[in-house]
Amino acid sequence: MSAALPRAIEPVELPEWLRAALSQPVTASLAPTGVQTLACEQILSWGLPTARDEEWRWTNLRPIARLSATSTIDNTASPKTPATDLTAFVPNAWVIRCNGGQLQPLPQNLPAGITITPLTEASEADCAAAFAPRAQGRNDALVALNTALAGDGFVLDIAAHADIQAPILIDWHDTPHEANHSHTRLLIRLGAHSKATLIEATPSSCSNTPLSTYWRNAVSVIEQGANSQLNHINLGLGDYQRLLTDRSFVHLERDARYRSIHIQLGGQLTRHEIDVNISAPGAHCDLLGLMMPRGKQVMDTHTRITHGAPHTTSNEHYLIIADDAGRGIFKGRILVAQDAQKIEAYQNSRNLLLSNTAEIDTKPELEIYADDVKCSHGATIGRLDDEAIYYLQSRGISAANARKLLVTGFAQEIIDALPYPELIAHLSELIGAGA
Amino acid sequence: MSLLEIKNLHANIGDKVILRGINLTVNAGEIHAIMGPNGSGKSTLCQVLGGRDGFEVTEGSVQFDGMNLLEMATEDRANAGLLLGFQHPVEIPGVKNIYLLKESLNAQRKARGLGELDTFAFMKQVRELVKSMQMDDAFLHRGVNAGFSGGEKKRNEILQMLLLQPKLALLDETDSGLDIDALKIVSEGINRLRGTDRGIVLVTHYQRLLSYVEPDFVHILYKGQIIKSGDKSLALQLEAEGYEDILKAAS
Ligand SMILES: Nc1ncnc2c1ncn2[C@@H]1O[C@H](COP(=O)(O)OP(=O)(O)OP(=O)(O)O)[C@@H](O)[C@H]1O
Ligand SMILES: [Mg+2]
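As they're listed, the protein sequences go chains G and S. Residue 1276 in the numbering used here sits at position 352 of the first sequence, and the numbers go up by one each step. Residue 74 in the numbering used here sits at position 33 of the second sequence, and the numbers go up by one each step.
The following block holds chain S by itself, in its conformation from the complex:
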């Protein structure tokens, strides 16, 4: 059974058709990269999988770990093991980071029939993760993403991912806006999640990330469809030649 199986997915925002028949299968142990020009629908795909309001799925199906994903509430998707890394993580000034981490881990435990966290063990785990992301403990007591720099927000997304240990991580441009040091830290974080029982989907514009986190498959999304798939050499080709020839060849 595949971890994620997207079949002929169509989706609209209002009257506007954005996704026009996406097919994608991700098996446990695989890393996929999705690339494509601005506005082609990459984030829309991520948000439809995340269950955001305002997107209307008009056709197609999505199976996640044997479940009908599109029928599940956003929080149930998360607790079933799907993690969405946002292209633009939301700033929530009033809610401290540490509360978000605690609430989300507790929610996941509850969904799995486990009791509440032991605070001491939790804090120890969180502090280790903070250190591994080369963040400061002070971030834990600041509002979620509030006033964070672009790079800090992305590190915070990976921190949450590592705490929640999702079966499938769907990371939308987690590498955008990172300097080279931060990119290394984020890539190391992603590689730590890698495992035979997990899948990772990276949405990116840059080959740079893919040299740190090597994908098994690379897909090109254009005008709401995956128009070409290949292995990691496709990303290198894109980097060298740009989209133009590939788009021409595919159309």
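Just chain G, with the same shape it has in the complex:
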């Protein structure tokens, strides 16, 4: 995390409902008392980050301040279109449902090697571990807020040597909940030599009314033991009006491999942050992502990879497809510490503008203090190729379908990284339909 900003910045007024939530008894949070109290004080004095905070230059949190005090999600009427059941596309998943941040009954008969403990029942030590990442300044204000208010969450433990074939799917349904916001905290620990796939999904059509707004502010702490392997898939298919901010802190031990695939197709404002700390030789991370803002949606991804040990590698590949007046933001920071030699870090940001009013901001940020480092980055912003559209039309394909083919084709390399053919087909359809 970055250090506190030296200059004085006027805090942005917190909305009244957030202030009210912060003034409630300490039981609101599952964080250790001292930690919670500090976080509460921090967020009250900081307010929400603004464009003057380095990490928030492109993304304005005003939609959060504008939320009304209670959720406008109407859960009495039956949905016009039923929520997409992702289990149809992800075979044999262990499903954990979270409604409005509230953990539903945990799946029964979990296979040996998986333990899930709600934070409410977790040991003091586990709670301390779950809340270990601390906000260093206003750039991290949402972490402080989560720490102050995290009302639910769990610890997911994968035992050493366990090879969990079936994916664990966390289904973030936010329907039957009265508050307009939730703060969830996960601690995910992989024992040495273990292997697992975790899918977090915000499904589409959770709500009925176009006015519904709901904000989920999530923090996950991921600790991977030696030679462990985690596939972390994040699917944001959800509603147009949803606000989503989430941050993952990943810590990799020797030879551990972390792979994140993030697909964001829905949401009014989404901010996805991953901080990977590669702390031991042989560890590697792959970060892949696709965001597709349309209408007036704003979708933001910030990644921060710290190569803190020699012989570590990372690979980042992010795509943005922006249409209408949508805005996409990618910022990727790579830090190579002084004694971390023999590093390979590769970053690629490819972007497609589909309209004249869409906007894409992409920025690499490399801080390299070692000398034996192979580090490359590239960013491109393009438009659909008229020649290609004409060529496809000359084969009988309509201009609209030609666009679809080109847009899904552009997204394909990220989508194809998903290990489920049915899911790939489903996402390709959604992407084509939005093109």
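One or more of the hints may lead you astray.
[Said to hold, decoys possible] Across the chosen pairs, the derived CB separations fall in these ranges:
1) S/A179 x G/A1294: 38 to 48 angstroms
2) G/D1009 x S/R233: 43 to 53 angstroms
3) G/D1285 x S/L288: 50 to 60 angstroms
4) G/D1340 x S/G283: 22 to 32 angstroms
Derived from the structure by calculation, the hints contain no laboratory data. Quick reminder that beta carbons are idealized off the backbone N, C-alpha and C, glycines included.
Based on the hints, put chain S with the ligands in the right spot on chain G.
Using the frame of chain G, we list chain S with the ligands on its own:
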């Protein structure tokens, strides 16, 4: 009724006049070759017939199979049975060849009131065509023309042609950049399309192709006009003597 009837076609790119009164009639069952020096307007003619943006038709008419071709959208021309083989096929890295083939055949079927393809039958047909063009199945799963060699791109054009079975194929320098083996494969492909109900127009610089695919007519396009037409012996004459004498005689 002729398959294609071009009358007094004039076309500009921006302020530049490129086509200055083209007249050409192609009947079903015929093969025509169009030859001519670089920059004379051969590709422009093909692209105007294909319906590419940026060309302005200032005079003349084109009837295709009884329809006013110039009023139709590019995709409608294709679905009505016109296939344009590009001199420089476009590379589309993200779109797999197999998707292009499937989408285009489905579009054609839809235009003809037929249902979607049966995937199994489609794959069988495509695999046979791939084999006949001596391409590898792997090409189907690569991006359209992406990183293909010149010869591979041209084979891919013929593959698409054979799948779509157009009434009229307009092949712009499909023989350029081919080695002798590839030329034979491509020529065989073109000959397979040949039939009493179809027409083929070959734009070429080389007699070589015409010895494999024998044309009924050869035309010379120069400065936007067809200045001379004849039978296949005209191509042989060109090969032997070059353009100079013919151009002189015609002017
Ligand atoms: N986009 C364009 N803008 C301006 N001029 C163009 C454009 N495309 C073609 N031209 C010009 O039109 C003329 C005819 O070009 P065209 O490509 O039709 O020739 P061609 O007969 O196909 O030549 P070649 O044998 O080299 O393929 C040339 O002078 C060319 O420079
Ligand atoms: Mg040409």
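Hint by hint, here is what the structure shows:
Hint check: S/A179 to G/A1294, Cβ distance near 40 angstroms, so the stated range 38 to 48 angstroms holds. Between G/D1009 and S/R233 the beta carbon distance is about 49 angstroms. The supplied range of 43 to 53 angstroms therefore holds. The supplied range of 50 to 60 angstroms is met by G/D1285 and S/L288, whose beta-carbon atoms lie about 57 angstroms from each other. Hint check: G/D1340 to S/G283, Cβ distance near 52 angstroms, so the stated range 22 to 32 angstroms is violated.
Comparing the model with each earlier hint shows a violation of hint 4 alone; every other hint is respected.
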